[in-house]
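Residue numbers (full-length UniProt numbering), protein chains in the order written: chain A, 1 to 314; chain B, 1 to 314; chain C, 1 to 314; chain D, 1 to 314.
Don't take every hint at face value.
Since the list can't tell identical chains apart, any single copy or any two copies may satisfy a pair.
[Said to hold, decoys possible] Think about it this way: if two alpha-carbon atoms lie no more than 25 Å apart in a straight line, the pair counts; the simulated SDA-like pairs of lysine to any residue are: (1) Lys102 with Ala164; (2) Lys267 with Pro143; (3) Lys102 with Asn224; (4) Lys267 with Ala190; (5) Lys102 with Thr226; (6) Lys267 with Gln312; (7) Lys102 with Ala41; (8) Lys102 with Ala145; (9) Lys102 with Ala166; (10) Lys267 with Thr233; (11) Lys102 with Thr192; (12) Lys267 with Glu158; (13) Lys267 with Gly73; (14) Lys267 with Val155; (15) Lys267 with Gly46; (16) Lys267 with Pro85; (17) Lys267 with Thr163; (18) Lys267 with Val200; (19) Lys102 with Ala139; (20) Lys267 with Glu11; (21) Lys267 with Arg227; (22) Lys267 with His307; (23) Lys267 with Pro191; (24) Lys267 with Trp117; (25) Lys102 with Gly238; (26) Lys267 with Arg291; (27) Lys102 with Pro85.
Derived by calculation from the structure, the hints in this document are not laboratory data. Since this is a predicted model, take the numbers as computed values, not measurements.
4 protein chains.
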Amino acid sequence: MPNRYAYLGPEGTFTEAALRALRPDESGEFIPCSGVDAVFAAVRSGAADSGVAPLENSVEGGVTATIAELINGAPLLIAAEVAVPVEFTLFAREGVRLADVKRVATHAHALAQCRGWLAEHLPDAETFTVSSTAAAARAVAEPGAPYDAAIAARVAGERYHLTAVAEGVGDRSDAATRFVHLVRPGPLPAPTGADRTSLVAFLSDDHPGALVELLDQFAVRGVNLTRLESRPTGDGLGRYCFCLDADGHVAEARVGEALMGLRRICKDIRFLGSYPRADADTELTPFMPARGTSNADFHEAEQWLAHIRAGQVA
Amino acid sequence: MPNRYAYLGPEGTFTEAALRALRPDESGEFIPCSGVDAVFAAVRSGAADSGVAPLENSVEGGVTATIAELINGAPLLIAAEVAVPVEFTLFAREGVRLADVKRVATHAHALAQCRGWLAEHLPDAETFTVSSTAAAARAVAEPGAPYDAAIAARVAGERYHLTAVAEGVGDRSDAATRFVHLVRPGPLPAPTGADRTSLVAFLSDDHPGALVELLDQFAVRGVNLTRLESRPTGDGLGRYCFCLDADGHVAEARVGEALMGLRRICKDIRFLGSYPRADADTELTPFMPARGTSNADFHEAEQWLAHIRAGQVA
Amino acid sequence: MPNRYAYLGPEGTFTEAALRALRPDESGEFIPCSGVDAVFAAVRSGAADSGVAPLENSVEGGVTATIAELINGAPLLIAAEVAVPVEFTLFAREGVRLADVKRVATHAHALAQCRGWLAEHLPDAETFTVSSTAAAARAVAEPGAPYDAAIAARVAGERYHLTAVAEGVGDRSDAATRFVHLVRPGPLPAPTGADRTSLVAFLSDDHPGALVELLDQFAVRGVNLTRLESRPTGDGLGRYCFCLDADGHVAEARVGEALMGLRRICKDIRFLGSYPRADADTELTPFMPARGTSNADFHEAEQWLAHIRAGQVA
Amino acid sequence: MPNRYAYLGPEGTFTEAALRALRPDESGEFIPCSGVDAVFAAVRSGAADSGVAPLENSVEGGVTATIAELINGAPLLIAAEVAVPVEFTLFAREGVRLADVKRVATHAHALAQCRGWLAEHLPDAETFTVSSTAAAARAVAEPGAPYDAAIAARVAGERYHLTAVAEGVGDRSDAATRFVHLVRPGPLPAPTGADRTSLVAFLSDDHPGALVELLDQFAVRGVNLTRLESRPTGDGLGRYCFCLDADGHVAEARVGEALMGLRRICKDIRFLGSYPRADADTELTPFMPARGTSNADFHEAEQWLAHIRAGQVA
């Protein structure tokens, strides 16, 4: 029986591109979902074996819906991540020229990333935000479409048989979105030597130094944080929890020790998974444990402590 | 000549309600703008004397467009803030009953905050996101409207002569949005004893302890942080800057010293203003300087240092 | 065969009083040694089963000779500690009156603690420092003694058949000396719930924050330091190592974790023992683990981590 | 009228050598004192214009008597420091050979530093500690001397007309003692760019992190500590204050800010002076302010803050 993958649909989204990059083999059933919440629901219920959703974008920041689902509801784990370059294309039905475009549909995040181009090339066009870039493309392809054009991923144009009116309409050529592969709790991916661990921390109370204490738990073990994002807890203005990504795998001593430290000082911790880093082989992120915090250092110190505890000091 | 206030329109938005709460007098010209970017542009260009925009919501988090404008472009300062309770109403044209509602329009943030109610009471309705809750109300009021109902603020229903089909449709009754009053750089509001200072910090480099160092600059002076939000710098995944709110006014010694510390260790700092706290009189946020960090403590230490430097030790 | 106890002699020293307080039973052979180095040598060589030496005094500070021996040479462990009140008596041969005393002998530390009394009551007396207060008493008792009187412990006067010319001649009535019971490396005393751990840390390099990093290793695990004393390494001015006493037993998770942290970041660590606190039952030092750092907290966090690592998140 | 210099006598001490190195000109009256307390008393009373005393030794550590006087009593300031290499010579009356030496006198610190040599070359000699190495030399020179030889500085041998029986009898050839020049409170020495600031800190209370907080006050301003020595307050075991040496002059912004921070969080601070470093031109201690903590950085940040406070953000 093939693997069933839920993803943020409809067909043709950047998320579908991410899913194609993430899944281990060519087989499998793709289940497009109408929202991030539906992706999570499908995985939680077992309707899908796993799911893919966007987590953050290099221009827009964290994807609120995904983060909200990760924080709340039945826990899912991140089993993998992938970064997909965001390349936007303006699609229309065949025969439509740029000058004809008066109504442009796309997703809100995409719109935000194409504002500059639109202001320059389509200053008079009205813009509409829909549930996804692919939904915009699909809508444009329908008879009697309310929009003249859609900003979407290349794959969406292909799927809905649209014509590229303009390519590279994003304001930044280096934009990227990070997607995560979600599974129900179970055995974690084995450490690869270049992993990432994600979690959510709810501070015990709002005393001034609480966040510093939390960060110290990582710093003292030489664990580097690659993302720190505050999210409202929903309990009123000024109440936040923190979504953290850290270098390393929870199976490693240094990460395990840091997480135990958080567990002790935080009101609550939600573990979101340890998984291979998507950028493990890029120059941006060389793996350099701080002085005294390599796994070998931890192992040596454990051996030393065992001797000390046994009274073997010589 | 009356004050001209730009705000996130159209008429009937929560932002208009915030503006009414913020402005000092009843006079003044209100200039609704089609987006947060337009509000900033109006203030920057002088087309408006000041502007109002949402900064964060207790459920959805930071408002990306506002934060992006605060970080980038010509600097504006926050001169005041106000928190507005978010109470959502489902509006329709007269005669429409709940059972008739098939297509609901609202802003994306509002939609996110009403999902639970919609799932329960309008499970089959289609939802559409438009540029604001007020725009949704206005669209519903138009002849031949593409939507049956709008989720919006009470003031929007009044302005567009709609009928409340259901009140309190938000999933959380305690949700609130924080709005800021934006002005061009100039003299700061005088300290009131219960102020807030906002800024954006770009860390000098990505070494593991950089964020801890930044937070230490506050902790050592006993300055409490009330918000810490990372935002992508736009230069690729994994690159963030930090938006900070701190207790106190930059005119105070302890805040001034902390900001000088940030200035020295950060690649860049953008000061966003010192202004009275909206929650100064609530129980949630009593003003309690940490041991040794009251303004009196700073004054006494300055006097002491002056004596020391003069060799007057006795 | 009775236990053989080396101690800083000769007979009648405060160290002998400490030994009487420390040893578990009435039997045992007492071996007075002429110096702290001789005490250590006797234990190291096996000539004695254990030894007793002064570690610090509440007025004079650390006892350099003892600390030097603990840091250098073959390692010994501290198996117990005791605090002995320092009550000084001025002793002379029978018939000598205070007015007759021109030459007073005692140990350098004792002299320092009686300066005020001597200045007031014997302003014209010459003072001499000898190897111990008991040696001073013994010298005074000898025929043709070069000194008229000795400042020593009460037990010394009894042993050498001297008369108390004046009692309570110390400048501070609350002075005390802390003595340690030294043994060759072997099984540690079992944790009692109120223990102390001693060690010496050699920092890896002299970068400004090295000592803060060291202290953070304790702070993050909520381990309280009760003593921090720098000692020169002997390698020139400005080169120090640090002698530390911490609350807790190395068998406890929080102390063990802190010591592993030190081991990883320090150039060298010498463990000096975990042993019951002498002041466990005094009001001065209630046992209060910081938030999240009780042994129960550590145990719970370990259980949690085990679940996390097994993918059991629910 | 010549300057009157009090110093730890008698004539021929290492302290006299330090005084000769410290005083600015050849004139001046030298006043040998019988103890460190007498040196302080002479300066405090005005009997001397200034004084010289040993502060720490690279083998023995801090000189307790000097530190006690700096902490207690009427305040004096350190106006200068000098490091004097400790080279010990064994002196005797003419004609005495090494084999004849049965009784050796010297100061306790000197004895500690020559133990190895004595154990090897004079294993059977009895040792006596007197108030100074010079006093030992003087005593040996007297008719009917109770000692055969003295370990002292070369200058002492010359002054008391003794013969060097053996040179370099110290166990370490690189030992040095740091001496300080003491004056009554008054104008401080001008900053030289390579200065040191000394002070004593009494922590506000004994909570676990108090020392870390103190060190953070320095770390946050990039002020390097070159010495941290705990001393008992005298109020019982377990009560300490901390003697600190820091790089820089109190007239500098970064040092001034750090000291104000200490003033605010400590129960008490005693300022002991800012003065040129004796090791300013050695390789051991290059002057390298940490990132963002040069005086220029502080000046720039002050300018920036002034602009911010004036609302000049552009």
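Hint by hint, here is what the structure shows:
For a Cα distance limit of 25 Å, the shortest separation of Lys102 from Ala164 inside one copy, 16 Å, qualifies, whereas the shortest one across copies, 33 Å, does not. With identical chains, the CA atoms of Lys267 and Pro143 are never at most 25 Å apart, being 54 Å at best within one copy and 53 Å at best between copies. For the homomeric pair Lys102 and Asn224, neither the shortest alpha-carbon distance inside one copy (48 Å) nor that between copies (49 Å) is at most 25 Å. Taking the shortest Cα distances, Lys267 and Ala190 never come within 25 Å of each other, neither inside one copy (29 Å) nor across copies (33 Å).
In this assembly of identical chains, Lys102 and Thr226 lie within 25 Å of each other by CA distance neither inside one copy nor across copies; the values are 42 Å within and 44 Å between. In this homomeric assembly, Lys267 and Gln312 come within 25 Å of each other (Cα to Cα) only across copies, at 19 Å, whereas the closest approach inside a single copy is 39 Å. Proximity of Lys102 to Ala41 under the C-alpha cut-off of 25 Å is restricted to the inter-copy arrangement: shortest distance 23 Å between copies versus 37 Å within a copy. Taking identical chains as interchangeable, the C-alpha atoms of Lys102 and Ala145 lie at most 25 Å apart whether they share a chain (12 Å) or sit on different chains (19 Å).
For the homomeric pair Lys102 and Ala166, the shortest alpha-carbon distance inside one copy (14 Å) is at most 25 Å, but the shortest distance between copies (35 Å) is not. Proximity of Lys267 to Thr233 under the C-alpha cut-off of 25 Å is restricted to the intra-copy arrangement: shortest distance 13 Å within a copy versus 31 Å between copies. In this assembly of identical chains, Lys102 and Thr192 lie within 25 Å of each other by CA distance neither inside one copy nor across copies; the values are 50 Å within and 50 Å between. For a Cα distance limit of 25 Å, the shortest separation of Lys267 from Glu158 qualifies neither inside one copy, at 49 Å, nor across copies, at 44 Å.
In this assembly of identical chains, the alpha carbons of Lys267 and Gly73 lie at most 25 Å apart only when taken from the same copy (18 Å versus 39 Å across copies). Taking the shortest alpha-carbon separations for Lys267 and Val155, neither the intra-copy value of 44 Å nor the inter-copy value of 39 Å comes in at or below 25 Å. Proximity of Lys267 and Gly46 under a CA criterion of 25 Å is satisfied in neither setting, with 30 Å inside one chain copy and 48 Å between copies. Taking CA atoms no more than 25 Å apart as the test, Lys267 paired with Pro85 passes in neither setting, with 37 Å inside one copy and 27 Å between copies.
When the C-alpha separation of Lys267 and Thr163 is checked against a cutoff of 25 Å, the pair qualifies neither within a copy, at 53 Å, nor between copies, at 44 Å. Proximity of Lys267 to Val200 under the C-alpha cut-off of 25 Å is restricted to the intra-copy arrangement: shortest distance 11 Å within a copy versus 28 Å between copies. For the identical chains of this complex, Lys102 and Ala139 are neighbours both inside a copy (15 Å) and across copies (18 Å), given an alpha-carbon limit of 25 Å. Taking the shortest Cα distances, Lys267 and Glu11 never come within 25 Å of each other, neither inside one copy (41 Å) nor across copies (43 Å).
Within a single copy, Lys267 and Arg227 get their C-alpha atoms as close as 20 Å, and across copies as close as 18 Å, so both meet the 25 Å cut-off. For a Cα distance limit of 25 Å, the shortest separation of Lys267 from His307 across copies, 18 Å, qualifies, whereas the shortest one inside one copy, 35 Å, does not. In this homomeric assembly, Lys267 and Pro191 never come within 25 Å of each other (Cα to Cα): the closest approach is 28 Å inside a single copy and 30 Å across copies. Taking CA atoms no more than 25 Å apart as the test, Lys267 paired with Trp117 passes in neither setting, with 46 Å inside one copy and 29 Å between copies.
In the homo-oligomer, the alpha carbons of Lys102 and Gly238 never lie at most 25 Å apart, since the shortest distance is 41 Å inside one protomer and 36 Å across protomers. In the homo-oligomer, the alpha carbons of Lys267 and Arg291 lie at most 25 Å apart only across protomers (11 Å), although the nearest pairing inside one protomer, at 30 Å, exceeds that limit. Proximity of Lys102 and Pro85 under a CA criterion of 25 Å is satisfied in neither setting, with 27 Å inside one chain copy and 37 Å between copies.
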